[in-house]
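Colleague: Take a look at the letters that make up each chain.
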Amino acid sequence: MAKSQNKTETKKAQKEKREIVVPGEKIASEEDYLPGEWTKKEGNSIIALRFGLADKSGRLVKIIPLSGIYMPRKGNIVIGRVIDITFNGWIIDIDSPYQAFLPITECSKFVNKNDLSECYDIGDTIVAKVLNVKRKGIDLTTKGRNLGKLEEGMVIQINSNKVPRVIGKEGSMINLIKKESDCEIIVGQNGVIWIKGPKVENELFAQKAILFVTEKSYIEGLTEKTKEWFEKSKNKIEKKNKEE
Amino acid sequence: MEISNLTKKRIKDYLESGNRFDNRKLLDYRNIEIETNVSKNAEGSARVRLGNTEVVAGVKMDISEPYTDHEDEGTMVTTVELLPLSSEEFDYGPPRINAIEMARIVDRGIRESGFIDFKKLCIKKGKQVWTIFIDIYSINDDGNLLDAACLATVSALLTAKMPKYDEKKEKVCYNELTSKKIPLTKNVPLTFTFHKIGKSIILDPSKEEEESSEARLSIALSSNKKEVVINAMQKGNEEVFSEAEILKIIELAEKKYKEVKEEIINKIEKNLKENK
Amino acid sequence: MYTKRPDGRKFDEIREMKAKVGVVPRANGSALFAFGDTIAIASVYGPRPLHPQHLQNPEKGVLRVNYDMLSFSVPERKKPGPTRRSQEISKVTEWALLPALQIKNFQNTVVDVHIAVLQANASTRCAGINAASLALAHAGVPMTELVSAVSIGKIDDKIVVDLIKEEEDHKEGEGSTDIPMAFLSESGKISLLQLDGKISSKKLKEAIEAGKKACKKIYELQKKTLKEIREE
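Top to bottom, those sequences are chains L, R and X.
Taking this note's numbering, the leading residue of the first sequence gets 1, the next gets one more, and so forth.
Taking this note's numbering, the leading residue of the second sequence gets 245, the next gets one more, and so forth.
Taking this note's numbering, the leading residue of the third sequence gets 521, the next gets one more, and so forth.
Read the hints as simulated data drawn from the structure, not as lab findings.
Just to be clear, a hint being listed does not mean it is correct.
[Stated by the list, open to error] Calculated lysine to any residue pairs in the SDA-like style (CA-CA distance at most 25 Å, straight line):
hint, chain 1, residue 1, chain 2, residue 2
1, R, Lys500, R, Val432
2, R, Lys440, R, Phe485
3, X, Lys599, R, Tyr418
4, L, Lys199, R, Val432
5, L, Lys208, X, Asp532
6, L, Lys196, R, Lys413
7, R, Lys451, L, Asn159
8, R, Lys424, X, Pro545
9, R, Lys425, X, Pro595
10, R, Lys369, R, Lys413
11, X, Lys540, L, Thr214
12, L, Lys178, L, Asp115
13, L, Lys162, X, Lys599
14, X, Lys744, X, Lys599
Just so you know, these numbers come straight off a predicted model, no measurement behind them.
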């Protein structure tokens, strides 16, 4: 019973399999399709404007990028590194086309205006929210729950286009990883991820799981696959511990 | 993005317990891949990968006048280009100090080891000698470009064939490589760059380990039949080593040289055979 | 009469091509492209903030191409570093690629394309453009289409595709004319055209037709290479 159900699911998945397209490629040629993100309409055709997966949901056709650097959007949670301090705020590297600025007025803590480094120093890692995206740059804020300076743990980086996969549907994937690795994890939309666990081993285990998810990001039913991966990896670790 | 200070601290603490993020032991190298003859127009060339770090080195030869204090010896010129292709940190333009330093360390290691028999590169004493140009390029920087550069250089020299020299026309015929190899000795030089992170000493750092490194010590060694000798050293970065640390590193370098020399030569020779 | 090519190819035959993406893991995108013994690799960084500030363009993103040959890629050692030749090729490569890019919304930023020729046997700029076009797509840079390039030659009185060095140096009869060109993959527009030699306008038309046909084949390989990423 369960088996046959699986079969129909795979069939469905195959039918909806997204094609990899290259820039300039025609994705749809029927009149009733609408151009979504990274596409354009030319006559009756929808044309890809970026390398990625062509996604048709209903009438809307869009490209889900597989690569490329992070494009900031208002409201995104990002993790960055303080690279400079000015008289009225901090310059933050969030690995995007533009540098980000965190003004004093958007700092969650009390700021000593004579020494901004007491609050955030160069080299500090902070989690912040994108306040707005302007032509010349991005403004950030650390006002809000769970925003501000990160202490301890480690920081890893993945391609920002893989972030939705790492988070999963309603956070299912990241919650699985948190539970299995016993770590606190914050995933920045810019692909920068902070991991803190009881031991370094836990953090490295979480990192490994995240890399597994990013590398396998084309597979359907990824959450199931990741559960299997955890089972296997845990068995290995237990075996190793016994041997030792 | 530059590596986070949080991660640096984790790397340091984890090293202190004898572990590395990628499961290696402190003195382990990553997987070493050597591929020879990667550029047909070179007299000799090689690509070396240490994990994801990749460099290519090529050997070209030409005729020139010898130095007045070494009238009967060939000469050698070594350059390193840290291509902006290989890292967002490298800029386009004339070589910066890190590339210059790297080339000088590679050069000293090769020259002082006696690996190249310069006397056999003399054509007419005081007039004409062979010059060996060694040019090294970074393709992907994932840490430890220097050791990779030395390995690639040795590999390229071992594969190189002399071009034909037309004595009448006093011209090198680059399209006619002879079957003669560059005169080399058995004193194969290898360079090991040790990094100090906290209390730990490691070899072959990944990019994030290299960024966490406080001080480094490069040691180029070679061996004639009997013993291993040190041919070049360079202490780099702002932090210092204790005398005890230096002595320990030298001991480790000697041990490592004996350990990996055969393995590396076998790798190169195997690749040479396969490439024929 | 030019009746036979030195490597035995047909007149409209491209050398064996090789294409691969991801050859420089550190970069945002990268690729290798080879026409036989001519091998080029390209890597892309950006869009990223452009420094120093006075180079920034507040109207649109900037494309910067840096083409270079490794010293030992040619029979006679080329001194490391830029030359007039490499600077010109960098510029025409920039012009060849830019029409396919959609970076006008990336004001004040730069997309850097670095091309290194590992081994040269003519057509290095064309191999470089093909690699760069792949690397740009691989880096996720918005583009309207890909760019494919090939060098067409007139050797004596024959139009030949994808010249090698020996053909470039052909002296007999009418000698050798080298015409590197690039086509945008979908619109068919021409974004690179250079010529070195002597040729009648009638023959040139023939050469452009041959170039268009060859570039279609090159585009098919580029497309296939990008699509194969799924299987990795």
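Colleague: Look at each hint and say if it fits the structure.
Modeller: Each hint tested on the structure:
no.: 1; hint: Lys500(R) with Val432(R); in the structure: 14 Å, holds
no.: 2; hint: Lys440(R) with Phe485(R); in the structure: 8 Å, holds
no.: 3; hint: Lys599(X) with Tyr418(R); in the structure: 16 Å, holds
no.: 4; hint: Lys199(L) with Val432(R); in the structure: 43 Å, violated
no.: 5; hint: Lys208(L) with Asp532(X); in the structure: 50 Å, violated
no.: 6; hint: Lys196(L) with Lys413(R); in the structure: 71 Å, violated
no.: 7; hint: Lys451(R) with Asn159(L); in the structure: 17 Å, holds
no.: 8; hint: Lys424(R) with Pro545(X); in the structure: 37 Å, violated
no.: 9; hint: Lys425(R) with Pro595(X); in the structure: 17 Å, holds
no.: 10; hint: Lys369(R) with Lys413(R); in the structure: 18 Å, holds
no.: 11; hint: Lys540(X) with Thr214(L); in the structure: 21 Å, holds
no.: 12; hint: Lys178(L) with Asp115(L); in the structure: 37 Å, violated
no.: 13; hint: Lys162(L) with Lys599(X); in the structure: 42 Å, violated
no.: 14; hint: Lys744(X) with Lys599(X); in the structure: 36 Å, violated
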